[in-house]
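Top line first, the protein sequences correspond to chains A and B. Going by the working numbering, the first residue of the first sequence is number 1, and it counts up by one from there. Going by the working numbering, the first residue of the second sequence is number 381, and it counts up by one from there.
Since the hints were made in silico from the structure, they are not lab data. There may be inaccurate statements among the hints.
[Unchecked claim] With a cut-off of at most 20 Å between alpha-carbon atoms, the simulated EDC-like pairs for lysine to aspartate or glutamate come out as follows: (1) B/Lys-452 <-> A/Asp-291; (2) A/Lys-195 <-> B/Glu-648; (3) B/Lys-387 <-> A/Glu-16; (4) A/Lys-235 <-> A/Asp-165; (5) B/Lys-387 <-> A/Glu-188; (6) B/Lys-567 <-> A/Glu-350; (7) A/Lys-109 <-> B/Glu-411; (8) B/Lys-615 <-> B/Glu-674; (9) A/Lys-195 <-> B/Asp-383; (10) B/Lys-661 <-> A/Asp-3; (11) B/Lys-452 <-> B/Glu-411; (12) B/Lys-592 <-> A/Asp-255; (13) A/Lys-187 <-> B/Asp-547; (14) A/Lys-260 <-> B/Asp-635; (15) B/Lys-387 <-> A/Glu-4; (16) A/Lys-109 <-> A/Asp-165; (17) A/Lys-20 <-> B/Asp-547; (18) A/Lys-7 <-> B/Asp-547; (19) A/Lys-273 <-> B/Asp-544; (20) B/Lys-733 <-> B/Asp-690; (21) A/Lys-281 <-> B/Glu-596; (22) A/Lys-10 <-> B/Glu-674; (23) B/Lys-575 <-> A/Glu-188; (24) A/Lys-72 <-> B/Asp-383; (25) B/Lys-400 <-> A/Asp-165; (26) A/Lys-133 <-> A/Glu-57; (27) B/Lys-452 <-> B/Glu-466; (28) A/Lys-347 <-> A/Asp-315.
[Unchecked claim] Pairwise CB distance ranges, derived in the manner of DEER restraints: (29) A/Glu-294 <-> B/Arg-717: 37 to 45 Å; (30) B/Ser-465 <-> A/Asp-291: 41 to 49 Å; (31) B/Gln-385 <-> A/Arg-90: 52 to 60 Å.
By construction, the Cβ of each residue, glycine as well, lies at the ideal position given by its N, Cα and C atoms.
Below, each chain spelled out in residue letters.
There are 2 protein chains.
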Amino acid sequence: MTDEQRKLEKLRRQLELQHKKLRHIFSIGRESVAILGSQKPEQLDAILQVIADETAELLDSEVASILLIDPKTDLMTIRAAAGISEDVIRKTKIKVGERISGWVAKHKKGLLVLDIEKNPFFVKRNQEKYYTKSLISAPIKINHTVFGVINVNNKHSRRSFEADDLDLLQALADHTALIIRNFDLYKELQELYMKTVQALTEAIDVKDHYTKKHSENVTEYASAIAREMGLSHKKREIVINAAKLHDIGKIGVHDYILTKTGKLTPEEWGEMKSHSLKGVKILEPLTFLSDVVEVIKHHHEHYDGSGYPDGQKGDEISVEAKIMSVADAYDAMTTKRAYAAAMTKEKAIEDLKRQSGKQFDPAVVRAFLKVLKRSKDNNL
Amino acid sequence: MTDEQRKLEKLRRQLELQHKKLRHIFSIGRESVAILGSQKPEQLDAILQVIADETAELLDSEVASILLIDPKTDLMTIRAAAGISEDVIRKTKIKVGERISGWVAKHKKGLLVLDIEKNPFFVKRNQEKYYTKSLISAPIKINHTVFGVINVNNKHSRRSFEADDLDLLQALADHTALIIRNFDLYKELQELYMKTVQALTEAIDVKDHYTKKHSENVTEYASAIAREMGLSHKKREIVINAAKLHDIGKIGVHDYILTKTGKLTPEEWGEMKSHSLKGVKILEPLTFLSDVVEVIKHHHEHYDGSGYPDGQKGDEISVEAKIMSVADAYDAMTTKRAYAAAMTKEKAIEDLKRQSGKQFDPAVVRAFLKVLKRSKDNNL
């Protein structure tokens, strides 16, 4: 082989390596975006696993690990790894500030260690192979927020890592940070949806403890009817939130009307009926509840068109609103109220049957009767 | 030059090019994560500009553009570009489904066009130089959600783009999609915070229109005092939200007590005083309001320790709560209420002065007097 052939050969190998790097970078990006679907917590683990595997490949190394910090305890655990035993993954707990990963997390700076045994943060454990002396570690961070670190060691070539390798690792860590932030924001948003509904039900409760208990019962009945009728997961969610909040407009109805034992005057009855539109007014700013608001608006429509506020009839009324209507009426009948004693279940069921096709959609009544029969058979 | 020298030269150039690609990928990642700080809308534009510039460099091209879709109109506009005049950037509006960018957005697939003039979607415009025939375009998407497209054309070498180039562009588009999703989620979260507060103030309003108007006045006064006292932006935000929601617990106080014209019995007074803790109960699920909840809890503490619910005194009471207390009292005094006619401003100011050091913190009273004097001087 001539000198030039050798040089040529070397360049070809380098070029091939660079190509490989680019391909891995592409596939990390592509796979992680592809997995980033409905953003369930399991999916973050799947993406981190792809990143750990590809990082090891990309840096021609045997071992790569992604450690994330639990902000409550400041402890880092391994969330994904390549080339590390399940046992070590499970046992590893590193405090921010301690050992190499902890140093990187604390100082928010990448680290290239040439001789690991000379590093003061290195803790040798018997079960690990440190056949190379060199490792790199990069913080996963956005600005001053550190989510964790990525570590790579045991280079296949048994050479030391170089500054270029650390640059590459930092690029992968930045990508990882973006993905984690995405999951965090998404999770926060989902939690806020739930908590907002919870705060609103608390507002119902401080106004009128009876209404909150009623809302809980209606939620149970409506949810069971929705399942019995085979509604989609999404529609069942709408029914559940609508049930929890259907009477929120009663915050705007005078206490003496809500608790009056005698017959309501036409004016009082008008105010009572205003609660569905008052509920709409309260919830309107919350666009994530817009489907729920529609159901609340129409939970007092009647199948024959005699209800309020819009006098909708038959299939003009959404199935969710028709379910609410039956569940609401049944709980009202079977519970003691200011103006009436509680009816027996049997009598309330008679009433539902009598109103089927008039106040209520027959299909919904049928589904509810099945639900009630099943819970009776099960002594519930 | 020998044959082998020529090959060597060629490989060196290719290697240099690959290195350059990697460096650009690193810097896109690094810069975009660095900019992704407080996530104001302007910052998205800054990141997109970095991506457009680096993309043009990376693909050795004169022109790169990032078009984003407005989901309301289905129109794409150029949000960042390299090598395109401001005029074209401003005027370009492309409907999803139309022209090349529209095709890519609609079909959610990258496109490598070898001869642009033969492409049925190509629309030639006089002001543009299409000296190369080839362009590439990649969708910016996560799963089925398309945010926009990245286009690159006018390769400096005047050669055609290749499949590899499109792969690289897609990787950049994936990175861009992650960043946009981040901004979207963040924006949604911020909006939900605001809307949740808005829904809760609507709940106050349907219960008691007077209380909502009162809350608006208190917000105005408290915000002015906070500014006068030089509170930080964050603390002023807390004061504003606390003022909007400080009486939300009145939802849980009987109407006849809120509107009673005579003196309250001790029992009624007890219920009236319960409103600050009832407010806490409603807002407790909303962790983003935890600082606000603290202020609401203590907005009826007195500087001398004679207030409720905890009888805090002096600097045990937060400055935000002390501000609320003064603003709340002043609006109560100067507004007509069920149990009392409105006081004149002068008389209310006398009262504030008299209670300074007793009910109120003297520093807060001084700040408010300055605010009131200034608005009087300005005839407000």
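For this session: If any of the earlier hints don't hold here, list their numbers in rising order.
Result: 2, 4, 5, 6, 9, 10, 11, 13, 18, 19, 20, 22, 24, 27, 28
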